[in-house]
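Undergrad: In terms of the working numbering, the sequence shown has 77 at position 77, counting the first letter as 1, and numbering is strictly consecutive.
Hints are computed from structural coordinates only; laboratory data are not their basis. You can trust all of the hints, since none of them are fake.
Have a look at the derived ranges for each label pair, beta carbon to beta carbon:
1. 92 - 69: 21 to 29 Å
2. 102 - 72: 36 to 44 Å
3. 21 - 57: 22 to 30 Å
Beta carbons are placed, not taken as given, at the ideal position from N, Cα and C, and that holds for glycine.
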Amino acid sequence: MWAFLAKEEARQQFILVFGPGGVWSNFFASAAGFRGAVLLCQEDNPSRFLLIETWQSVAKRQGFLDEHAGPWSELLDRIAQLIETKAELGTFRMLAESTVRTRSRR
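Please construct the entire structure, taking both the sequences and the accompanying hints into account.
TA: Here it is as structure tokens:
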């Protein structure tokens, strides 16, 4: 999980890169064990984001990055210009996955 502060002038480009169908998730799309990524934007600060990647295991992610070290480094260099600050918040294990559906009104 990562926290980012996008440069204000690059916020829309940041969303395109890290959002659905963006360069970030497309980079990992062929990776065994990659389940997806979610980009969250802070309500009261539209330049602040959380990126949550979900993987089958930490080892699958690291293995993919090791195998694709060159393209990974290039991707990080390309996106650096969009980011004011970034912080890795840590690796978390999913304990449960659920879908919440609204109840229909009767």
